[in-house]
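Novice: Sequence:
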Amino acid sequence: MGRKVLLHLSFVVFALVCVSLVNAEDAYKYFTWTVTYGTLSPLGSPQQVILINGQFPGPTLNTVTNDNIILNLVNKLDEPFLLTWNGIKQRKNSWQDGVLGTNCPIPPNSNYTYKFQTKDQIGTYTYFPSTQFHKAAGGFGALNVYHRSVIPIPYPNPDGDFSLLIGDWYKTNHKALRQSLDSGRSLAFPDGLLINGQTRTTYTGDQGKTYMFRISNVGLSTTFNFRIQGHALKLVEVEGSHTIQNSYDSIDVHVGQSIAVLVTLNQPPKDYYIVASTRFTRRVLTATAVLHYSNSNSPASGALPAAPVGQLVWSMKQARTFRWNLTANAARPNPQGSFHYGKITPTKTIVLANSAPLINGKLRYAVNGISYVNSDTPLKLADYFNIPGIFTVDSIIQNLRSNGPASVATSVVSTSLHDFLEVVFQNNENTMQSWHLDGYDFWVVGYGSGQWTPDKKGTYNLVDTLTRHTAQVYPRSWTAILVSLDNQGMWNMRSAIWERQYLGQQFYLRVWNAQHNLANEYDIPTNALLCGKALGHHP
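Quick note on the working numbering: the sequence shown kicks off at 1 and runs consecutively.
Quick caveat, the hints were computed from the structure, so don't treat them as lab data.
Hints are not guaranteed to be accurate.
What the hints assert, rightly or not - No more than 27 angstroms apart at the CA atoms, straight line, and that leaves these computed lysine-lysine pairs for DSS-like:
no. : residue 1 : residue 2
1   : K533      : K92
2   : K29       : K76
3   : K115      : K76
4   : K92       : K119
5   : K76       : K533
6   : K270      : K234
7   : K119      : K457
8   : K343      : K92
9   : K343      : K456
10  : K343      : K457
11  : K362      : K175
12  : K317      : K457
13  : K209      : K270
14  : K115      : K457
15  : K317      : K343
16  : K92       : K29
17  : K457      : K348
18  : K115      : K92
19  : K456      : K317
20  : K362      : K171
21  : K348      : K456
Claimed, not checked - Pairwise CB distance ranges, derived in the manner of DEER restraints:
no. : residue 1 : residue 2 : range
22  : N374      : K76       : 21 to 27 angstroms
23  : T204      : N386      : 54 to 60 angstroms
24  : H537      : V408      : 25 to 31 angstroms
25  : I153      : D249      : 20 to 26 angstroms
26  : N517      : T347      : 18 to 24 angstroms
27  : T39       : R332      : 44 to 50 angstroms
28  : C531      : A188      : 32 to 38 angstroms
29  : N517      : N360      : 40 to 46 angstroms
30  : G536      : K343      : 45 to 51 angstroms
31  : N386      : T39       : 44 to 50 angstroms
32  : N517      : E429      : 28 to 34 angstroms
33  : C531      : K76       : 15 to 21 angstroms
34  : L358      : G230      : 37 to 43 angstroms
By construction, the Cβ of each residue, glycine as well, lies at the ideal position given by its N, Cα and C atoms.
Generate the whole structure from the sequences, applying the supplied hints.
Specialist: Below you can see the structure in the form of structure tokens.
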């Protein structure tokens, strides 16, 4: 055999090995989840909850960067159902977003197979139901995206990993809560706070070792402060961003947000309290768990560690200390700060002011005076099939300019692919707000009290602020974000406070390019569910 032939064969073998290595990183993972009702007693008295594969909270979905997820969801409830993947960017694929603007809900005794990729991201996320106020009954769970083996992380591998889903909870059935909102009444204060669906649970580790605690606020309405008796919390990741590794005694986590901290068990061997307590509420709810040293023979004792005082000033000051680690890799082998967001001039600035108007004598929540109402036809399907009359374009922009009266609409804000937006969330109410954008992360560049004005741009962090998918807005304050619209589709921007979302504090962002191109957006899935005026069309 000649030298050239041997060299050619060697090259082919090398190429095949390289391809196999690449493909090995992009694994396919298959799941079947069945959604049912069950009876549990999270706060001591029996109530109906939503289970996934018999679990409350649902199964933890552990993935790796670029994994392809094929998840068959079987709905055994008596109502239509959807799951949304909170923080997963769904690159070019809003078809899998799992909200009513992009998907028809899964009918009872039916199924839908989600197909999506955790493309170019790592981090701590969650999933939860997006329909019919189901989130108040459960159906939520942890979704963790781990780094690929070939991409280093900026800290030693932890000795263990715990997911803590923390949130407020009602004893009242979700249907009764929904009926109360439909009648125009606000919800009462929650009945309690749960950690992983319980009022008391234990996490065990070995003395001297370091563990990652992935902490998510899966509640409906309240911020909580998280702390562990006698232990420092080293912040290492926030919703996909590796952070400067500051240590904190406690951390505020707002509705819809997720963080990851490292905790070293460097104290004498005994048990210690883990505490979460609500913030910015007139009455404080507290949930406790236990950090158990494996060589401990002593139960947790002493007073629970207290939450910090001076809530608004303290919390806003802490939020400004969360910074991006610009020297660390993220999901790919390039520095996270290589994209200089602070040097780009925004295409446009959008100011979004939340409010709580009465419309036709009933409480609603609005954005710039427009309260969102769902259509029977998902907006994404209407757009794809050119079905007219389903949504209105730019009504919240026009209404801000005219300062018109509050009204209802199926509102969409039109943008172009590759626009670079400055969005200001203006909160003129006395309540804490939390805003989320599906399909994206964004740079949270500024927080401030009072009314935002253009001169506030001088206070922005244009160097090393975090990217995240959910941003808090403090009472009588503003929060500014920058977002690069590089993900074509129809994307939900909503209040993460579920009462407000349900009663209209949301809209859709239409990120559009007139030229159809699979490099920008995938085609409609062949298994897409059709409903409303989309019935009779063909995917």
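Novice: Taking only the CA atoms, is the gap from K348 to K456 under or equal to 27 angstroms?
Specialist: Within the cut-off at roughly 16 angstroms; holds.
Novice: Would you check the hint for K362 and K171, treating anything up to 27 angstroms between C-alpha atoms as holding?
Specialist: Within the cut-off at roughly 24 angstroms; holds.
Novice: Are the Cα atoms of K115 and K457 separated by 27 angstroms or less?
Specialist: With Cα atoms ~40 angstroms apart, K115 and K457 exceed 27 angstroms; violated.
Novice: Need the status of pair K76, K533: alpha-carbon distance at most 27 angstroms?
Specialist: holds, 25 angstroms
Novice: Need the status of pair K362, K175: alpha-carbon distance at most 27 angstroms?
Specialist: holds, 18 angstroms
Novice: Hey, K533 versus K92, does the alpha-carbon distance stay inside 27 angstroms?
Specialist: holds, 24 angstroms
Novice: Using the Cβ atoms, figure out if N374 sits within 21 to 27 angstroms of K76.
Specialist: holds, 23 angstroms
Novice: Can the restraint linking K456 and K317 be considered satisfied, given a maximum Cα separation of 27 angstroms?
Specialist: Within the cut-off at roughly 17 angstroms; holds.
Novice: I want to verify a distance hint. Is the separation of the beta carbons of C531 and K76 within 15 to 21 angstroms?
Specialist: Holds, at about 19 angstroms.
Novice: Could you check the hint for me, namely that H537 and V408 are 25 to 31 angstroms apart, CB to CB?
Specialist: The hint (25 to 31 angstroms, Cβ to Cβ) holds, given that H537 and V408 are roughly 27 angstroms apart.
Novice: Are the Cα positions of K343 and K457 separated by 27 angstroms at most?
Specialist: Roughly 13 angstroms between the alpha carbons, so the hint for K343 and K457 holds.
Novice: Assess, step by step, whether the Cα of K317 is no farther than 27 angstroms from the Cα of K343, and give holds or violated.
Specialist: holds, 25 angstroms
Hint violations for this structure: numbers 7, 14, 32 and 34, all remaining hints satisfied.
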